[in-house]
Amino acid sequence: MDFTHCSLGAGVRLHLCETDKFNTITCKMFVQQNLAPDTAAATALIPALLKRGSMKFPSTRQIARELEYLHAASFSADALKIGERQLLEIYFDMIDPSLLPDGEENWKRGLATLWDIAFHPFIEGSGFRQEYFDQEKLNLRREVEGLINDKRSYALVRAAAVMCGDEPYGVYRYGSVPAIDALENAAEYRYYQELMATRPLDIFIVGKNLDLVANEIARLELPRQGVETLAPPVVRQAAEERWHVEEVPAQQTVLVLGYRTGVRYLDPGYYGLVVANGILGGFPHSKLFMNVRERSSLAYYVSSFVDGTKGVLMVNAGVSAAKVEEAVRIIKEQVDALQQGQITPEELEQTKVGLCSSIASMADDPGSVIDRNLAGLVNGEMRSFDDVLGAIKSVTAADVQAAAKTLQLDTVYVLKGSLEKE
Amino acid sequence: MEKIKAPTGEELLTGYLPNGLHYGILLKPGFVKKYAVLAVKYGSLDSKFELPGEGVVEVPDGIAHFLEHKLFEEPEGNVFDRFAQLGASVNAFTSYTQTAYLFSTVDHLPAALRELARFVTYPYLTYENVEKEKGIIIQELLMYEDHPDRRLHKNLLNALYHVNPVRIDVGGTPESVSQITVDWLLKCYRAFYQPANMALFVAGDVEPQQVLEAVQGELPNDPPQPVGNRIYPEEPAHINEEWIEDRLSISRPRCALGFKSEPISDGRESLRRYLAMNIAIRLIAARSSPYYERLYDSGLVDDSFGASFSSTPFYSYCMVTSQTDDPYRFVEEIKGIARDVQREAICEADVERLKRQLYGSYIAAFDSLEYTANSYITHFFNGTPYFEYLSILQGLTAKDVQEAAARHLDLEKCAVSVLWPTEGPGRGQG
Numbered sequence: 001m002d003f004t005h006c007s008l009g010a011g012v013r014l015h016l017c018e019t020d021k022f023n024t025i026t027c028k029m030f031v032q033q034n035l036a037p038d039t040a041a042a043t044a045l046i047p048a049l050l051k052r053g054s055m056k057f058p059s060t061r062q063i064a065r066e067l068e069y070l071h072a073a074s075f076s077a078d079a080l081k082i083g084e085r086q087l088l089e090i091y092f093d094m095i096d097p098s099l100l101p102d103g104e105e106n107w108k109r110g111l112a113t114l115w116d117i118a119f120h121p122f123i124e125g126s127g128f129r130q131e132y133f134d135q136e137k138l139n140l141r142r143e144v145e146g147l148i149n150d151k152r153s154y155a156l157v158r159a160a161a162v163m164c165g166d167e168p169y170g171v172y173r174y175g176s177v178p179a180i181d182a183l184e185n186a187a188e189y190r191y192y193q194e195l196m197a198t199r200p201l202d203i204f205i206v207g208k209n210l211d212l213v214a215n216e217i218a219r220l221e222l223p224r225q226g227v228e229t230l231a232p233p234v235v236r237q238a239a240e241e242r243w244h245v246e247e248v249p250a251q252q253t254v255l256v257l258g259y260r261t262g263v264r265y266l267d268p269g270y271y272g273l274v275v276a277n278g279i280l281g282g283f284p285h286s287k288l289f290m291n292v293r294e295r296s297s298l299a300y301y302v303s304s305f306v307d308g309t310k311g312v313l314m315v316n317a318g319v320s321a322a323k324v325e326e327a328v329r330i331i332k333e334q335v336d337a338l339q340q341g342q343i344t345p346e347e348l349e350q351t352k353v354g355l356c357s358s359i360a361s362m363a364d365d366p367g368s369v370i371d372r373n374l375a376g377l378v379n380g381e382m383r384s385f386d387d388v389l390g391a392i393k394s395v396t397a398a399d400v401q402a403a404a405k406t407l408q409l410d411t412v413y414v415l416k417g418s419l420e421k422e
Numbered sequence: 423m424e425k426i427k428a429p430t431g432e433e434l435l436t437g438y439l440p441n442g443l444h445y446g447i448l449l450k451p452g453f454v455k456k457y458a459v460l461a462v463k464y465g466s467l468d469s470k471f472e473l474p475g476e477g478v479v480e481v482p483d484g485i486a487h488f489l490e491h492k493l494f495e496e497p498e499g500n501v502f503d504r505f506a507q508l509g510a511s512v513n514a515f516t517s518y519t520q521t522a523y524l525f526s527t528v529d530h531l532p533a534a535l536r537e538l539a540r541f542v543t544y545p546y547l548t549y550e551n552v553e554k555e556k557g558i559i560i561q562e563l564l565m566y567e568d569h570p571d572r573r574l575h576k577n578l579l580n581a582l583y584h585v586n587p588v589r590i591d592v593g594g595t596p597e598s599v600s601q602i603t604v605d606w607l608l609k610c611y612r613a614f615y616q617p618a619n620m621a622l623f624v625a626g627d628v629e630p631q632q633v634l635e636a637v638q639g640e641l642p643n644d645p646p647q648p649v650g651n652r653i654y655p656e657e658p659a660h661i662n663e664e665w666i667e668d669r670l671s672i673s674r675p676r677c678a679l680g681f682k683s684e685p686i687s688d689g690r691e692s693l694r695r696y697l698a699m700n701i702a703i704r705l706i707a708a709r710s711s712p713y714y715e716r717l718y719d720s721g722l723v724d725d726s727f728g729a730s731f732s733s734t735p736f737y738s739y740c741m742v743t744s745q746t747d748d749p750y751r752f753v754e755e756i757k758g759i760a761r762d763v764q765r766e767a768i769c770e771a772d773v774e775r776l777k778r779q780l781y782g783s784y785i786a787a788f789d790s791l792e793y794t795a796n797s798y799i800t801h802f803f804n805g806t807p808y809f810e811y812l813s814i815l816q817g818l819t820a821k822d823v824q825e826a827a828a829r830h831l832d833l834e835k836c837a838v839s840v841l842w843p844t845e846g847p848g849r850g851q852g
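Protein sequence lines correspond, in order, to chains A and B. With the numbering used here applied, the first sequence covers 1 to 422. With the numbering used here applied, the second sequence covers 423 to 852.
To be clear, the hints were calculated from the coordinates, so they are not data collected in a lab. Predicted model only: the values in this text are computed from it and were never measured. Beta carbons are placed, not taken as given, at the ideal position from N, Cα and C, and that holds for glycine. Treat each hint with caution, since some may be false.
[Said to hold, decoys possible] Here are the simulated DSS-like pairs of lysine-lysine, each with C-alpha atoms no more than 25 Å apart in a straight line:
id, chain 1, residue 1, chain 2, residue 2
1, A, K323, A, K208
2, B, K576, B, K757
3, A, K208, B, K757
4, A, K416, B, K556
[What the hints assert, rightly or not] With beta-carbon atoms standing in for the labels, derived distance ranges:
id, chain 1, residue 1, chain 2, residue 2, range
5, A, R295, B, F515, 18 to 28 Å
6, B, K425, A, P223, 33 to 43 Å
7, A, D267, B, N643, 46 to 56 Å
8, A, D211, B, S732, 20 to 30 Å
9, B, N551, A, G390, 35 to 45 Å
10, A, R295, B, D762, 52 to 62 Å
11, A, A112, B, E715, 19 to 29 Å
12, B, P440, A, Q340, 50 to 60 Å
13, B, P440, A, E333, 43 to 53 Å
14, B, D762, A, V235, 55 to 65 Å
15, B, E667, A, A391, 27 to 37 Å
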């Protein structure tokens, strides 16, 4: 379930995964950009504008009707953050032609529709249709303001912002309210054209009979003019442990501990860090879950994740406001235990097996078959299923301890719920 | 054992074991992952029932969900570990009408199935471990309290229903959870955790015989036992309250309209109505709808605007919801649209296009082992014929859609739930 790669011109690559496992053909395109405070909002507005209409289907309603007619083809677009890159993602899937009465017509028409939506947005004069632009700018602003509605996501975004205040990593993937307010239509359209023409563009497709699809894509036009080189991420040591507390009217308190690690995707110790994170907080058998939830009943959820592109590890828990200090103490004890090499053979084995089976399972979902390559895409080295599985299987307890030793606590962020009943 | 060919060409095997357990096995050649669900037809609605020889039992709310948590505990430790040793990941959920235990795994399917059947068969409940669980569950309930859509939805159900237990959160309340005891848990366990009241679904590249042998070895093999006889309160046809409001720390008001309707007991008719309503709600709230376009362009709604139709043998309602700055105008607009859909002729071409969409979605869904398994079990428990989906869909006409809309978007039985933002940090009412 790996991809074959070919170039479609400057900075454009086509990645194909031929398989008859699925009932759909799935396509994702990614355009990469540096994550930066002055462009994040502009990138984030593009998905919303693409959804509003194309030259052939000039409204959301017309796009939606076309997708329904294509037997539930789906189209979506979003802005992602991987390390210090922002990715414009365009998603499209359609039913495998062999399962439809009018399959041949369906997929060709589907592909043409995707191209039209992605590369020919609805333009009037020198920019997007003004009403669309104004509305989507307002909606994006509301989206960013609405982050507070989900306390857990809000806390994670705020923790990154506090911890990496003057690094690109602190920028939210949808930008900030002032940056959104400052967007202007004609400049936004020029920015869109520049992104599509000059930033790395990767097209991934998973499905059956892809040689036909590839031939069709080769005939479609791409508005390209060379390729821009993007910046590598900023790597920094942790300073003194900092606490940052914000209060909101909520029942529950969310706690985030941000650690820095020098170990990153291209480093030899990377899979040691991946396994260390698994033992710490990736699974229900992990140290955090067992000690914070099961032994102390302090939290309903507690887990950790690694961003190997940036080199950070974040621990996240929902706790009662009165128990913040106790929870932080127990979380630190778990990290200490890892650093001292307190890793049982069962923990190591269960974690490796758990990681391997979740990675192997990605082969069953076309979206995941594509997404598992994102870290590789951004770091310039895509890895096959077998390479990743092999690397995880060969991790030893010493590797885990070595990776854990690089963890330095940087920021403790507390989103304190003020409504809690004792 | 019956062999059915799915519209995508995959094979599905169904049948019953001698102890009464129903099973379905979907063969997915080439898939790495195997997914299994063992579900009990017992959910949060079932808090009052009659047990042979014991009379009527009424238990605290949230007990089905509490049991779900507790079954993961064993004298020799915790179930998560044993699944983790097999490389399997185990989980569970409780809904109004079922409790489901599930896992996915790449290797060791028979061993994982035996673990699943075993931990569901042998409850291990002590005073201490039940007390300890209360803290975890209360944290879980508090987390939901902060979740805007859950709060909005729960309030709507309170406005629609007088006594139907669908009013109460699946997990119960912190008060009801505090009252739960070992005795009550065991009583409920014995009343409902019978193979004849359960269903198993396994999907993946699997050996059917191996699957059946694994569970047969662990589940009780006695002939089917009597199950607790559920007692539901008599729910009036009219709504409880027209308008219900609440505050939460959110950025923009949210509003939901609910339309209460009579649940349908006949399975085939229920599925037919469900599909017709899925077309009706798309005519109102899908992106292809002119109403969606008008409300979105006017700024009244954003892309959170949507509608759903919930239908089980115990309750049935339609919900239309959005974030909006003006909930009052939103309510008037939706009521107007509901009237329109019932009064003006629905366009046959729109219905045909939406049928193409539902057809494609049904086919695509077979790629998700989780979705297929859960939807098969839900259809089985609700008594709706899953495999007639496409044939019922093909037969639908604009007239069917209009009739369903008239029945399930009854303006006389419409209630509203609004969630306002708290004014500012520290001053909220919660």
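Taking the hints in turn, this is what the structure says about them:
1. K323/A - K208/A: Since the Cα atoms of K323/A and K208/A sit roughly 53 Å apart, the hinted pair is violated (cutoff 25 Å).
2. K576/B - K757/B: holds, 21 Å
3. K208/A - K757/B: Violated. K208/A to K757/B sits at ~46 Å, over the 25 Å cutoff.
4. K416/A - K556/B: holds, 22 Å
5. R295/A - F515/B: 18 to 28 Å: holds, 24 Å
6. K425/B - P223/A: 33 to 43 Å: violated, 52 Å
7. D267/A - N643/B: 46 to 56 Å: The hinted range 46 to 56 Å holds for D267/A and N643/B, with Cβ atoms some 55 Å apart.
8. D211/A - S732/B: 20 to 30 Å: Given about 45 Å between the Cβ atoms, the range is violated.
9. N551/B - G390/A: 35 to 45 Å: holds, 41 Å
10. R295/A - D762/B: 52 to 62 Å: holds, 58 Å
11. A112/A - E715/B: 19 to 29 Å: Because 23 Å falls inside the window, the suggested range holds.
12. P440/B - Q340/A: 50 to 60 Å: This hint holds: roughly 54 Å between Cβ atoms.
13. P440/B - E333/A: 43 to 53 Å: holds, 51 Å
14. D762/B - V235/A: 55 to 65 Å: holds, 59 Å
15. E667/B - A391/A: 27 to 37 Å: violated, 55 Å
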